[in-house]
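Colleague: Letter by letter, the chains look like this.
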Amino acid sequence: MLYRTLKKAAFRSVVETILAGNEVVGPRQVGTDRHGKPIHQFLPVERFDDIDFGYESTEFSAKTYFLPFREQLSAYRFTNGDWEQTIRYRVQPRAIVGLHACDINGLLKLDKVFAKDWYPSPYYISRRRNTFIVGIDHDPCEGAFCRSVGADTVTHGFDLFLTDIGDRYFVAVGSDRGLSLIDRFDARPTTDEDSHLYVTERKRIAGLMTTEINVNNLPNLLDIEFESPIWEKWGKKCLSCGTCAMVCPTCYCHGIHERISMDFREGAKIRQLHSCNLVDFAVVAGGHNFRPTPESRLKYRYYHQHRGFVEQHEEPKCVGCNRCGRACLAGIAPVDVIRELQEESS
Amino acid sequence: MKSLLLPYEVTKEAEIREPLNYNRRSRLMNTDRVVKAEITSITQLTDMEKLFHVRIVDPAERALFSFQPGQFVMVEVPGYGEIPISISGSASNHGFLELCIRRAGTVTSVLHRAQVGAKVGLRGPFGTFFPMAMMKDHNVLLIAGGLGLAPLRAAIYHVTENRSDFDRVHILYGTKTPDQLLFDYQYEQWRRVDGVDLSIIVEEGADGWTGEVGMVTKLLDPIPIEPDRTYAIVCGPPVMFKFVCNMLSKKGIPMRRMFVSLERRMHCGMGKCCRCNIGSTFTCKDGPVFDYWTAINLKEAL
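So the protein lines, in turn, are chains R and F.
Using numbering that gives the first Met the number 0, the letters of the first sequence correspond one by one to residues 0 to 345.
Using numbering that gives the first Met the number 0, the letters of the second sequence correspond one by one to residues 0 to 301.
Chain R on its own, in the form it takes in the complex:
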């Protein structure tokens, strides 16, 4: 990894350079909640000042720019009792500025599924490779437990990653296109003082992380507590609405359905994100539902996050951003569920 420092004013020029001629997505304030706290979303921006770099968290993750909520996988044309399939997965390049470490870690986890596993997905890879990512360090969000799942820092998966060290940024450079971009704006090699300031800043941020849960041994625990009454308790609260999966930076479960045009000349195969909490998630033809109750589905979500994904990829799928906890209408927060599981078994 190469490191540079970049003056804050120069960073503005960097973003403005990307803005000239490219789609740029960044955290924008879209309103305030009932306590007067700002609400942010990752949305397209036109000017540098549209981007609020001081944002705490966004309601939705940036996942939608890599795994759109709804995406056409292939198109069909029907003629004379026959059909032709066409597949398109090329997309226009885009930049996302201001991603936090948890969201980049979320992308790294999605990479493992969609790019590095069997049958790599061209749709995902096309979007991933065509997205220029600028990450930024920040003070911890309220209730987030990213440090517990090792997602509070990130070492790859971005083009540039900035840490505020006073009048300049300490920049980790993750790609050649990142380096050639900032080199145009007087990026300097780091000095010992820069490195010292960086380490001090990282320590300060780490010290502010107060929410902690113990995820050690969680895969085993989830197996042992599979029949635990805890699931019934939380399952009774769960509304099976699927909000948690929609805001999650790593939830990628989806369904595929097909459409046909009114004149029967065209058809389309469409992938749409789904949630394991929705009632029809595991319904098979004939009507049998493998997970008929809210608790069996809620349990399965935790099971996938902290057991299944660990088994496949040696790390939990959760990045600890607590978006699901904040968005849940029934007040189900992963911190509470996991803590209760730990207590139940001790």
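Source of the hints: derived by calculation from the structure; they are not laboratory data.
These numbers come from a predicted model, not from an experiment.
It cannot be assumed that every hint is accurate.
Stated by the list, open to error - So the derived label-pair ranges between C-beta atoms look like this:
| id | chain 1 | residue 1 | chain 2 | residue 2 | range |
| --- | --- | --- | --- | --- | --- |
| 1 | R | Arg87 | F | Val212 | 56 to 64 Å |
| 2 | F | Met246 | R | Ala329 | 42 to 50 Å |
| 3 | F | Asp193 | R | Phe68 | 54 to 62 Å |
| 4 | R | Ala326 | F | Arg255 | 51 to 59 Å |
| 5 | F | Ser108 | R | Ala326 | 33 to 41 Å |
| 6 | R | Arg46 | F | Ala113 | 29 to 37 Å |
Yeah, the Cβ is synthetic: ideal placement off N, Cα and C, and Gly gets one too.
Given chain R's structure and the hints, the job is docking chain F onto it.
Modeller: Frame of chain R, contents of chain F only:
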């Protein structure tokens, strides 16, 4: 106990950790590309099931297509949807694929209305398979219940076509009623293969039924089993293979030598959509064929 620690034969097919050769035929990453196949023949098996013979239209693609018994393909009816169907035919048959399909949902209903000559899309083959090479020189028990005969039939073909590779072969098949028996026109053919023992049983007999009545475990009871040199494949509803595998376990067959085929809702076949997840395991990628030990470790599987 002699069968407790058996030597583990290291075979390539058991250790291989990559999909066979699917997708290598194209430099473009068209994981969602289907190959076009024509329905060449439709056989009504029972009220609910039909057997479809489909032939891949492009001769080059047809020559490249190969599968192992137990694997499945994603069958797409453009405009309607895509479903996982296990391949019922012989793996040595490169002319056409045989798919036994029960009318159950949207896509299967459309397929049941389809006529000869209709074109469907195929992706695959996907999934794990029955390790026939590992079973070589052993006794083989092939046990099916209901629609479970569909995936098992590929294994039956393999065993009957390569009869010299196996020692004693028993095929046991059970359904609820006699009119649900699948492939009843083939039993005589299988029975006549030298050294293949086929038994059929139904849960509820009907007028004119002269065969056995009871559960499939009843057929299993009298069969003498050599636990240290027997493999079993069990296909059917979970409740059935639970009973059968427990019985075989008691007779001393190691759990790693019993194979079951599971089914779940699937949308992609490639380990992406998570719809077929059982606990932590993908039925499409790590399955549908599991050894019994793995299957009992899957939460919610049985």
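Colleague: Work down the list of hints and note, for each, if the structure agrees.
Modeller: Hints, one by one, checked against the model:
Judged by the Cβ atoms, the range 56 to 64 Å given for Arg87(R) and Val212(F) holds: they are separated by roughly 58 Å. Judged by the Cβ atoms, the range 42 to 50 Å given for Met246(F) and Ala329(R) holds: they are separated by roughly 45 Å. About 59 Å separates the C-beta atoms of Asp193(F) and Phe68(R), a value consistent with the hinted range of 54 to 62 Å. For the hinted restraint 51 to 59 Å between Ala326(R) and Arg255(F), the CB-CB distance of approximately 44 Å leaves it violated.
A hinted range of 33 to 41 Å for the beta carbons of Ser108(F) and Ala326(R) is consistent with their spacing of about 38 Å. Taking 29 to 37 Å as the suggested C-beta distance range, the pair Arg46(R) and Ala113(F) does not conform, at roughly 56 Å.
In summary, the structure is inconsistent with hints 4 and 6 from the numbered list given earlier, while agreeing with the others.
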